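Student: Chains A and B, in that order, are what the protein sequence lines are.
Here our numbering is used: position 470 in the first sequence is 470, and no number is missing along the way.
Here our numbering is used: position 23 in the second sequence is 23, and no number is missing along the way.
It should be emphasised that the hints constitute simulated quantities derived from the structure, not laboratory data.
Given the structure is predicted, the values throughout are model-derived calculations rather than measurements.
Check the hints yourself; a few may be wrong.
Unchecked claim - To give a feel for the contact side, a few chain A residues facing chain B, derived at Cβ under 8 Å:
id: 1; residue: L347
id: 2; residue: A349
id: 3; residue: P430
Stated by the list, open to error - Below, in silico cross-link-like pairs of lysine to any residue (SDA-like), each with a Cα-Cα straight-line distance of 25 Å or less:
id: 4; chain 1: B; residue 1: K78; chain 2: B; residue 2: D224
id: 5; chain 1: A; residue 1: K109; chain 2: A; residue 2: V281
id: 6; chain 1: A; residue 1: K254; chain 2: A; residue 2: R72
id: 7; chain 1: A; residue 1: K254; chain 2: A; residue 2: D301
id: 8; chain 1: A; residue 1: K439; chain 2: A; residue 2: G108
id: 9; chain 1: A; residue 1: K242; chain 2: A; residue 2: D301
id: 10; chain 1: A; residue 1: K242; chain 2: A; residue 2: E209
id: 11; chain 1: B; residue 1: K78; chain 2: A; residue 2: K109
id: 12; chain 1: B; residue 1: K78; chain 2: A; residue 2: E194
id: 13; chain 1: B; residue 1: K78; chain 2: A; residue 2: P286
id: 14; chain 1: B; residue 1: K78; chain 2: A; residue 2: A357
id: 15; chain 1: B; residue 1: K78; chain 2: A; residue 2: R365
id: 16; chain 1: A; residue 1: K242; chain 2: A; residue 2: P286
id: 17; chain 1: B; residue 1: K78; chain 2: A; residue 2: P385
id: 18; chain 1: B; residue 1: K78; chain 2: A; residue 2: P334
id: 19; chain 1: A; residue 1: K109; chain 2: A; residue 2: V139
id: 20; chain 1: B; residue 1: K78; chain 2: A; residue 2: E99
id: 21; chain 1: A; residue 1: K109; chain 2: A; residue 2: D93
id: 22; chain 1: A; residue 1: K254; chain 2: A; residue 2: T310
id: 23; chain 1: A; residue 1: K439; chain 2: A; residue 2: A383
id: 24; chain 1: B; residue 1: K78; chain 2: B; residue 2: L231
id: 25; chain 1: B; residue 1: K78; chain 2: B; residue 2: R230
id: 26; chain 1: A; residue 1: K109; chain 2: A; residue 2: E99
id: 27; chain 1: B; residue 1: K78; chain 2: B; residue 2: L29
id: 28; chain 1: A; residue 1: K439; chain 2: A; residue 2: L112
id: 29; chain 1: A; residue 1: K109; chain 2: A; residue 2: R365
id: 30; chain 1: B; residue 1: K78; chain 2: B; residue 2: H228
id: 31; chain 1: A; residue 1: K439; chain 2: A; residue 2: A473
id: 32; chain 1: B; residue 1: K78; chain 2: A; residue 2: D386
id: 33; chain 1: A; residue 1: K109; chain 2: A; residue 2: P162
id: 34; chain 1: B; residue 1: K78; chain 2: A; residue 2: R369
id: 35; chain 1: A; residue 1: K109; chain 2: A; residue 2: L62
id: 36; chain 1: B; residue 1: K78; chain 2: A; residue 2: T342
All residues carry an ideal CB built from backbone N, CA and C; glycine is no exception.
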Amino acid sequence: MPPAEGPLIIAGRVGNRRVITAACPAALDLGLRTGMTVSRAQALVPDLRIEADDAAADAAALERLALWLLQRVAPIVSADPPDGIVIDSTGADHLHGGEAAMLEALAGKLALSGITARLALADSWGAAHALAHHGADGVTIVPPGASDAALAPLPLEALRLPAATAAGLRDLGFETIGDLMDQPRAPLTRRFGEALCRRLDQARGLASEPIAPLRPEGLIEIRRAFAEPIAAPETIARTIGKLVGQLCTELTAKGLGARRLDLLCARIDNRIEVLRVGLAVPQRDPARLTRLFCDRIVTLDPGLGIEIMTLTATIAEPLVPRQAATSLLEEAAPDLSGLIDTLSNRLGARSVFRFAAVASDVPERAIIRIPPLVDTATPGMEAWPDHWPRPARLLPRPEPIETMALLPDHPPRWILWRGVRRHVQCADGPERIFGEWWKRDAEAQAVRDYFRIEDEAGARYWIFRQGDGEDQATGSHRWFLHGVFG
Amino acid sequence: MPAVRPALAELRARIGEIDGTGARQHGVLPFGVRELDRRLPQGGLSLGALHEVAGGGQGAVDGAAAACFVAGIAARMKGQVLWCVTQTDLFAPGLAQVGLPPERVIHVEAGDDISVLAAMEEGLRHGGLGAVVGDVARLSMTASRRLHLAAKGSGTIGLALRRWRRQADASDFGQPTAAMTRWRVSELPSAPLPVLGIGRARWLVELIRARAGDSFDLELEACDGAGHLRLPADVADRSAAAAGGRYIAAG
Numbered sequence: 001m002p003p004a005e006g007p008l009i010i011a012g013r014v015g016n017r018r019v020i021t022a023a024c025p026a027a028l029d030l031g032l033r034t035g036m037t038v039s040r041a042q043a044l045v046p047d048l049r050i051e052a053d054d055a056a057a058d059a060a061a062l063e064r065l066a067l068w069l070l071q072r073v074a075p076i077v078s079a080d081p082p083d084g085i086v087i088d089s090t091g092a093d094h095l096h097g098g099e100a101a102m103l104e105a106l107a108g109k110l111a112l113s114g115i116t117a118r119l120a121l122a123d124s125w126g127a128a129h130a131l132a133h134h135g136a137d138g139v140t141i142v143p144p145g146a147s148d149a150a151l152a153p154l155p156l157e158a159l160r161l162p163a164a165t166a167a168g169l170r171d172l173g174f175e176t177i178g179d180l181m182d183q184p185r186a187p188l189t190r191r192f193g194e195a196l197c198r199r200l201d202q203a204r205g206l207a208s209e210p211i212a213p214l215r216p217e218g219l220i221e222i223r224r225a226f227a228e229p230i231a232a233p234e235t236i237a238r239t240i241g242k243l244v245g246q247l248c249t250e251l252t253a254k255g256l257g258a259r260r261l262d263l264l265c266a267r268i269d270n271r272i273e274v275l276r277v278g279l280a281v282p283q284r285d286p287a288r289l290t291r292l293f294c295d296r297i298v299t300l301d302p303g304l305g306i307e308i309m310t311l312t313a314t315i316a317e318p319l320v321p322r323q324a325a326t327s328l329l330e331e332a333a334p335d336l337s338g339l340i341d342t343l344s345n346r347l348g349a350r351s352v353f354r355f356a357a358v359a360s361d362v363p364e365r366a367i368i369r370i371p372p373l374v375d376t377a378t379p380g381m382e383a384w385p386d387h388w389p390r391p392a393r394l395l396p397r398p399e400p401i402e403t404m405a406l407l408p409d410h411p412p413r414w415i416l417w418r419g420v421r422r423h424v425q426c427a428d429g430p431e432r433i434f435g436e437w438w439k440r441d442a443e444a445q446a447v448r449d450y451f452r453i454e455d456e457a458g459a460r461y462w463i464f465r466q467g468d469g470e471d472q473a474t475g476s477h478r479w480f481l482h483g484v485f486g
Numbered sequence: 001m002p003a004v005r006p007a008l009a010e011l012r013a014r015i016g017e018i019d020g021t022g023a024r025q026h027g028v029l030p031f032g033v034r035e036l037d038r039r040l041p042q043g044g045l046s047l048g049a050l051h052e053v054a055g056g057g058q059g060a061v062d063g064a065a066a067a068c069f070v071a072g073i074a075a076r077m078k079g080q081v082l083w084c085v086t087q088t089d090l091f092a093p094g095l096a097q098v099g100l101p102p103e104r105v106i107h108v109e110a111g112d113d114i115s116v117l118a119a120m121e122e123g124l125r126h127g128g129l130g131a132v133v134g135d136v137a138r139l140s141m142t143a144s145r146r147l148h149l150a151a152k153g154s155g156t157i158g159l160a161l162r163r164w165r166r167q168a169d170a171s172d173f174g175q176p177t178a179a180m181t182r183w184r185v186s187e188l189p190s191a192p193l194p195v196l197g198i199g200r201a202r203w204l205v206e207l208i209r210a211r212a213g214d215s216f217d218l219e220l221e222a223c224d225g226a227g228h229l230r231l232p233a234d235v236a237d238r239s240a241a242a243a244g245g246r247y248i249a250a251g
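Based on the provided sequences and hints, a complete structural model is requested.
Tutor: The following block contains the structure:
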């Protein structure tokens, strides 16, 4: 929605009144609130743009967003109408580099798509829902087992109760979820029905609340139910082999290859265990796919037994047969995608990468990590300048050192790094690097002068001085060690 | 080993085969430095085998010279290089300057030593890579034997870059492993220049242990842009007798 054209509200109907169901930030700043009648809003803000509420379109958009998340974040995703999406991230967070990194990346992706979202990660659906809707922060992570403490200060509405129940509880003097937790159950149930205690238990993780995973139309899916629950790893492996075989047959029939596969194992205690496998290039080789799953069977907890296994090709892309070698003399490049898939499914997709050059003079910004199978041989790719030597090892961040140096352009006589004093025998430099003033205002005048120095034992280091040695505006004139040469 | 009799060479090769050195099946990679190659058992680094490299002194911790030495070896192999580390501090432009451009290296950031070893083994077994490098601190006999057998099976060269968190831990380098050769690369003062500045880097390259070979040490000039080592001019011009002994840097 373009906010530049003035405040916008969405108007819906409650009973026979027209009320605001959603308002843009500009409208909220003007004092409009959800639940206010439209006539009153129009009286307050004359040039108000009003759009009619379209519940069906909203639901469809939410479903589309859920599908987008299903393909990128975790295998169990479901829309939580009217305005939420619930994700079961169990077994998927390690592929994103941990829970915090996963939420950060997710928030970034959503923000790029123009979606303002509040994220919460907790032990149960109820707790995550409550914190996302009523928590203090935009991104909340509740450590395992700490749901009660996080829920206690939240208002009663966070429990997903009917409005009448919440109002009734307020009449009795209950304000927060914490007030309800230690109350005797029987009188509450007698007065408000069993929904209240059920919602409370679901939020605290005492009662289970399975998520019905979103399964869009047209997804290739193989399902197998067992008469007798299975739990032994060998049996699971055999079943995976059969499921993968069937899936590959279907993929071949449609000319597709899988980029992402999800294996959902429904346990008899109503929990769903998940294995997700990502592939660098579309694949439909049963042996290879089976191996990727079987590598990770140890992470699968079958509990008392698995009764249904479902294998889904969440992302499938066209896979056409390719000519292997172009001439008799030319040797075909070995296919590394199998190795890369194995490593990235074991260690996480971010852990297997290649470096590529970025046009930047600042050394630590001149490199970027790219997926390992991206074709970098294309013309027009950047390359690093090689007229200045670069160290083999770069410290994660420059470490401050003590030095004795003549200003403005002499290398130091000695440096003190990690408690050891080294006398400089010879040096090269300075190589002056200017801050990227065209990208960052803070670096308008920044300068780094790099020197390559060698101590009496032959160890060679890459050091720099912040600033040009004359003008304090260009930097603090402090020295740092940034890399080690071989 | 000059003037080897054919019968002796044949016998040596057969012992090598039983011993599992693998050079016979997979060949060797010569360094291109005569002084170095003639003292290696098969005239070069055996392919399809595991080799160990560590830095000397401070280099045991930062592993910069060892990384360049290893990158130089990997650069002279054909095909992609898998480089496994616990946490990446390799600077790709630096590697590119010793002949290993970024499009030839697949980096794996494994998080811990055990995962590094597992990733190395996976890479060695694959067989489609040019070389597999791993930065590891601890390398047990069992782990090194697994890596060596994986390398032998596929013919890929495995390079274990030994690197420790503290210099004191470097004593671990004396422990026996199944590696074919064990190298130590330490930085030496660079070649003196007639003007101010730093000349081409020099290393003291020590072969500490070699299966079916003798250990030695040699002063060499560091890898150039294509990964080639070179004998310093002042050493190359000396007589053959003097070159056999230990060279002590003069001046």
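Student: State for each hint whether it applies.
Tutor: Checked hints:
Hint status for L347 (chain A) relative to chain B: holds, with the closest Cβ pair at about 6 Å, below 8 Å. For A349 (chain A), the interface hint is violated, since its Cβ never comes within 8 Å of a Cβ in chain B; the closest pair sits about 11 Å apart. With 8 Å as the threshold, the beta carbon of P430 (chain A) stays out of range of chain B, its nearest partner Cβ sitting at about 12 Å, so the hint is violated. Simply put, K78 (chain B) and D224 (chain B) have alpha-carbon atoms about 17 Å apart, close enough for the 25 Å limit, and the pair holds.
Proposed proximity of K109 (chain A) and V281 (chain A) is supported: the alpha carbons are some 23 Å apart, at most 25 Å. Distance restraint check for K254 (chain A) and R72 (chain A): the Cα-Cα separation of roughly 23 Å lies within the 25 Å cut-off, and the hinted pair is therefore satisfied. With a CA separation close to 33 Å, the supplied pair K254 (chain A) and D301 (chain A) exceeds the 25 Å bound. Simply put, K439 (chain A) and G108 (chain A) have alpha-carbon atoms about 20 Å apart, close enough for the 25 Å limit, and the pair holds.
Taken as a hint, the K242 (chain A) and D301 (chain A) pair is honoured in the structure, with Cα atoms around 20 Å apart against an allowance of 25 Å. Restraint check: the Cα-Cα separation between K242 (chain A) and E209 (chain A) comes to about 30 Å, which exceeds 25 Å; the hinted pair is violated. Our distance criterion of 25 Å between C-alpha atoms is broken by K78 (chain B) and K109 (chain A), whose separation comes to about 39 Å. As the CA atoms of K78 (chain B) and E194 (chain A) are separated by approximately 70 Å, the hinted pair breaks the 25 Å bound.
Note on K78 (chain B) and P286 (chain A): the hinted pairing is violated, with a Cα-Cα distance of about 30 Å set against a maximum of 25 Å. Proximity of K78 (chain B) to A357 (chain A) is assessed by CA-CA distance (about 22 Å); at most 25 Å being required, the pair is judged to hold. Taking the CA atoms of K78 (chain B) and R365 (chain A), the gap is about 29 Å. The hint is violated against a cut of 25 Å. A C-alpha spacing of about 9 Å is found between K242 (chain A) and P286 (chain A), which places the hinted pair at or below 25 Å, so the restraint holds.
Taking the CA atoms of K78 (chain B) and P385 (chain A), the gap is about 24 Å. The hint holds against a cut of 25 Å. Between the alpha carbons of K78 (chain B) and P334 (chain A) the distance comes to roughly 11 Å, so the proposed pair stays at or under 25 Å and holds. Using a Cα cut-off of 25 Å, the hinted pair K109 (chain A) and V139 (chain A) holds, with the two alpha carbons roughly 14 Å apart. With a CA separation close to 40 Å, the supplied pair K78 (chain B) and E99 (chain A) exceeds the 25 Å bound.
Under the criterion of a C-alpha separation no larger than 25 Å, the hint pairing K109 (chain A) with D93 (chain A) is consistent with the structure, at around 16 Å. A C-alpha spacing of about 19 Å is found between K254 (chain A) and T310 (chain A), which places the hinted pair at or below 25 Å, so the restraint holds. Taking the CA atoms of K439 (chain A) and A383 (chain A), the gap is near 20 Å; set against the 25 Å cutoff, the hint holds. With a CA separation close to 24 Å, the supplied pair K78 (chain B) and L231 (chain B) stays within the 25 Å bound.
Only pairs whose Cα atoms come within 25 Å are accepted, and K78 (chain B) paired with R230 (chain B) is accepted, the gap being roughly 21 Å. Straight-line distance between C-alpha atoms of K109 (chain A) and E99 (chain A) comes to about 15 Å, which keeps the hinted pair within the 25 Å bound. With a CA separation close to 11 Å, the supplied pair K78 (chain B) and L29 (chain B) stays within the 25 Å bound. The hinted pair formed by K439 (chain A) and L112 (chain A) meets the criterion: a straight-line CA distance of about 19 Å does not exceed 25 Å.
For a cut-off of 25 Å, the pair hint linking K109 (chain A) to R365 (chain A) stands: about 22 Å separates their Cα positions. Restraint check for K78 (chain B) and H228 (chain B): the C-alpha separation of about 14 Å stays at or below 25 Å, so the hint holds. At roughly 18 Å between alpha-carbon atoms, K439 (chain A) and A473 (chain A) fall within 25 Å of each other, so this suggested pair holds. Distance restraint check for K78 (chain B) and D386 (chain A): the Cα-Cα separation of roughly 22 Å lies within the 25 Å cut-off, and the hinted pair is therefore satisfied.
Taking the CA atoms of K109 (chain A) and P162 (chain A), the gap is near 33 Å; set against the 25 Å cutoff, the hint is violated. A hinted pair counts as satisfied when its Cα atoms are at most 25 Å apart, and K78 (chain B) with R369 (chain A) qualifies at roughly 23 Å. Pair hint K109 (chain A) plus L62 (chain A) holds up; C-alpha atoms about 16 Å apart against a cutoff of 25 Å. A threshold of 25 Å between alpha carbons decides the hint, and for K78 (chain B) with T342 (chain A) the separation of about 23 Å falls inside it, so the pair holds.
In summary, the numbered hints that this structure violates are 2, 3, 7, 10, 11, 12, 13, 15, 20 and 33.
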